[in-house]
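Peer 1: Listed below are the residues making up each chain.
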Amino acid sequence: MKAREYWNPYVAGVILGLVLLAAYLVAGNGLGATALPKRSLALVGNQVAPEWTAQNTVLKSYVADGASPLRNWLVVEVVGVILGGFLGALSAGRLAKKVEKGPNISVRGRLTYAMAGGVIMGFAASLARGCTSGQALSGGAGLGTGSWIFMLMVFAGGYSVAHLVRRQWT
Amino acid sequence: MIDPIFPLTFPTDDLRLLTGILIGFGFGFVLERAGFGNARKLAGQFYLNDMTVFKVMFTAILVAMVGLYGLASLGMVDMSMIWISPTFIPAQAVGGFLLGIGFIMSGLCPGTSVVSMVSGRIDGWVTFVGIFLGIALFTLTVDWVPGLHTLYLAGSGEVSLLHEVMGVPALVLALVMVAGAVLAFVGAEKVERIFQAKRSPVELTPPSRPRIKLAMGGSLAVLAIVTLTAGSPGSAGTVSPMVSMAPLSLAESIIEREPGVLILDLRIEPEAEKGIPGAVAAGDPVMVIGLLNSTPEGTVVVTYDESGAFKEAPAEWPKTMDYRFLEGGLAGWRDEVLTPAAVWGSSLAERERVLRQSQISAFFSGAGVQSSSVTAPPPAMPTGGAGKKPKSGGC
Numbered sequence: 074m075k076a077r078e079y080w081n082p083y084v085a086g087v088i089l090g091l092v093l094l095a096a097y098l099v100a101g102n103g104l105g106a107t108a109l110p111k112r113s114l115a116l117v118g119n120q121v122a123p124e125w126t127a128q129n130t131v132l133k134s135y136v137a138d139g140a141s142p143l144r145n146w147l148v149v150e151v152v153g154v155i156l157g158g159f160l161g162a163l164s165a166g167r168l169a170k171k172v173e174k175g176p177n178i179s180v181r182g183r184l185t186y187a188m189a190g191g192v193i194m195g196f197a198a199s200l201a202r203g204c205t206s207g208q209a210l211s212g213g214a215g216l217g218t219g220s221w222i223f224m225l226m227v228f229a230g231g232y233s234v235a236h237l238v239r240r241q242w243t
Numbered sequence: 002m003i004d005p006i007f008p009l010t011f012p013t014d015d016l017r018l019l020t021g022i023l024i025g026f027g028f029g030f031v032l033e034r035a036g037f038g039n040a041r042k043l044a045g046q047f048y049l050n051d052m053t054v055f056k057v058m059f060t061a062i063l064v065a066m067v068g069l070y071g072l073a074s075l076g077m078v079d080m081s082m083i084w085i086s087p088t089f090i091p092a093q094a095v096g097g098f099l100l101g102i103g104f105i106m107s108g109l110c111p112g113t114s115v116v117s118m119v120s121g122r123i124d125g126w127v128t129f130v131g132i133f134l135g136i137a138l139f140t141l142t143v144d145w146v147p148g149l150h151t152l153y154l155a156g157s158g159e160v161s162l163l164h165e166v167m168g169v170p171a172l173v174l175a176l177v178m179v180a181g182a183v184l185a186f187v188g189a190e191k192v193e194r195i196f197q198a199k200r201s202p203v204e205l206t207p208p209s210r211p212r213i214k215l216a217m218g219g220s221l222a223v224l225a226i227v228t229l230t231a232g233s234p235g236s237a238g239t240v241s242p243m244v245s246m247a248p249l250s251l252a253e254s255i256i257e258r259e260p261g262v263l264i265l266d267l268r269i270e271p272e273a274e275k276g277i278p279g280a281v282a283a284g285d286p287v288m289v290i291g292l293l294n295s296t297p298e299g300t301v302v303v304t305y306d307e308s309g310a311f312k313e314a315p316a317e318w319p320k321t322m323d324y325r326f327l328e329g330g331l332a333g334w335r336d337e338v339l340t341p342a343a344v345w346g347s348s349l350a351e352r353e354r355v356l357r358q359s360q361i362s363a364f365f366s367g368a369g370v371q372s373s374s375v376t377a378p379p380p381a382m383p384t385g386g387a388g389k390k391p392k393s394g395g396c
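Protein chains in written order, with the numbering used here: chain A, 74 to 243; chain B, 2 to 396.
Any given hint could be a false lead.
[What the hints assert, rightly or not] If you want the ones that stay clear, here's a sample from chain B, every Cβ over 12 Å from chain A, calculated: (1) P91; (2) H150; (3) E272; (4) A273; (5) S295; (6) D306; (7) G309; (8) P319; (9) K320.
[Claimed, not checked] Below are the SDA-like pairs computed for lysine to any residue, each with C-alpha atoms no more than 25 Å apart in a straight line: (10) B:K199 with A:E78; (11) B:K275 with B:E337; (12) B:K199 with A:A169; (13) A:K133 with B:G158; (14) B:K312 with B:G219; (15) B:K199 with A:F228; (16) A:K133 with B:T151; (17) A:K170 with B:I123; (18) B:K191 with B:R41; (19) B:K191 with A:K170; (20) B:K191 with A:Y232; (21) A:K133 with B:D144; (22) A:K133 with B:A94.
Please keep in mind that the hints were generated in silico from the structure rather than gathered at the bench.
The C-beta atom is built at its ideal place from N, Cα and C for all residues, glycine as well.
Using the sequences and the hints, build the whole thing.
Peer 2: Printed below as a string of structure tokens:
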């Protein structure tokens, strides 16, 4: 089955903007992605080492006043992303078990890059208190100064090493 | 003025959480349809042959920005209840740069890795696991790597908004950004075409058709018009002009201790010069609104700044007061009230006026012509109603 075409970027952008606006108007905050892994970590930490978790600079706010770390709008929202992404891919005929890569790199090489990139991004998103969704997209629309600095630096970082890793894609 | 209705309030917290599923569903679905479940397509942004990331992201940012601040200017959104990420410049600059490096290595960002993962992409799964490990790495090391802890916490940590830093209204900045984006999108289309000649983009990317370009231009024009009308005078949420008040009338009213008068000092630097006796220094705009909301209805509110330039009551001020502005501001006060009249006029009325003025002047300069024990009644200073901030947030 031939997969559906992607949406025109500007049309997708307007709809994404309306979804983001809905998040602000309904929940009072933007969209995010790293709340689920971060708060899962807080949940595990709370089981394994509650005292350490309660004092950890990153995790302490998630377990303050005995609240369950996963009882959070942004966590539920990521569950929604999982469902929406899955049904989107299914309905477009794009659901396929495969590795996206260029012809000149092995699967193992590509997955090594993916893992390394993931670790760097997880570390970076924790440091910056948000990722491309929470900082750049949501904070950008909210005109947060730090979010705009973050966004410009994401592009700067990406362009600065793109040439070095081009083997993956070409 | 409309009462703010956003963000919505829910009878139970469960109901509010449930909206996360719906909105998240929309987020995931649009990301998939935009092609963001595909690492090769996202990576194209950094090789300039597929600028979809830039186009989708900036269109979305501008739509949400205009919507949010447009509704706020109409008084429909309580911005104090909207969570905007606080600014920690060093951590966000370094974190952003690192995230960009990770982005081009994995071809995905945290949000899109979720979509890639559920589309069945193995690189998406691996990236997501990597992100989890990276978060764990940071969380485990932040408290014992001294430099990291310092970097994480360096900076003000306050909510800093770009338009406030620049000193322009949010919608004006949004309009400038919309205009900039139109030019940037035209540029991006050109750049794409040049680099696609060298390296073809991911298949299934719709070619740019004139119809779609027209739609894009049209929607951006609509955005700009919405921005302009929402921000221009004449629509709801605008300033209203105030009646003026002569310095001598105000002086009389202070001496007579007329009830129901509130004098509001709106100078930016109230410390620079002694203000009018009994005036309340305003502080920031939010405090002023809090003060006005706790002032009885029908109060005569006399405002003054340095020079009398402040002549219009902002839209956010309650409409139940009688607003006046002091002619000439504090400078007018200084010239007319604090400076004793020197010249005797010819007519009797004129002489009476001058005599009265010199008495007033002496009263406020502290010379005490009449009862020097009279001091202006200090209005009660209620506390501002600001300061509530929601708790949640994060990426």
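Peer 1: Would the hint linking B:K199 and A:E78 be met if the CA-CA limit is 25 Å?
Peer 2: Cα-Cα ~23 Å, so holds.
Peer 1: Would you mind confirming whether the straight-line C-alpha gap from B:K312 to B:G219 stays at or under 25 Å?
Peer 2: 38 Å, violated
Peer 1: With a cut-off of 25 Å on the C-alpha distance, tell me whether A:K170 and B:I123 pass.
Peer 2: With a Cα-Cα distance of about 7 Å, the restraint between A:K170 and B:I123 holds, given a limit of 25 Å.
Peer 1: Regarding the pair B:K199 and A:F228, is the alpha-carbon distance no greater than 25 Å?
Peer 2: Since the Cα atoms of B:K199 and A:F228 sit roughly 22 Å apart, the hinted pair holds (cutoff 25 Å).
Peer 1: Minimum C-beta separation from B:P319 to chain A exceeding 12 Å: can you confirm that?
Peer 2: Check passes; 24 Å lies beyond 12 Å.
Peer 1: Just want to verify: B:P91 was marked as not at the interface with chain A; is every Cβ pair farther apart than 12 Å?
Peer 2: 9 Å, violated
Peer 1: Regarding the pair B:K191 and A:K170, is the alpha-carbon distance no greater than 25 Å?
Peer 2: Distance ~34 Å between B:K191 and A:K170 Cα, so the pair is violated.
Peer 1: Does the no-contact call for B:K320 survive, Cβ to all of chain A over 12 Å?
Peer 2: 25 Å, holds
Peer 1: Report holds if the minimum CB distance from B:H150 to chain A is greater than 12 Å, and violated otherwise.
Peer 2: 7 Å, violated
Peer 1: Are A:K133 and B:G158 close enough, with their CA atoms no more than 25 Å apart?
Peer 2: 17 Å, holds
Peer 1: Does the claim that B:E272 lies outside the interface with chain A hold up, using a Cβ gap greater than 12 Å?
Peer 2: 27 Å, holds
Peer 1: Hint check: A:K133 vs B:A94, CA-CA at most 25 Å. Holds or violated?
Peer 2: 24 Å, holds
Checked against the numbered hints above, the structure breaks hints 1, 2, 12, 14 and 19 and satisfies the rest.
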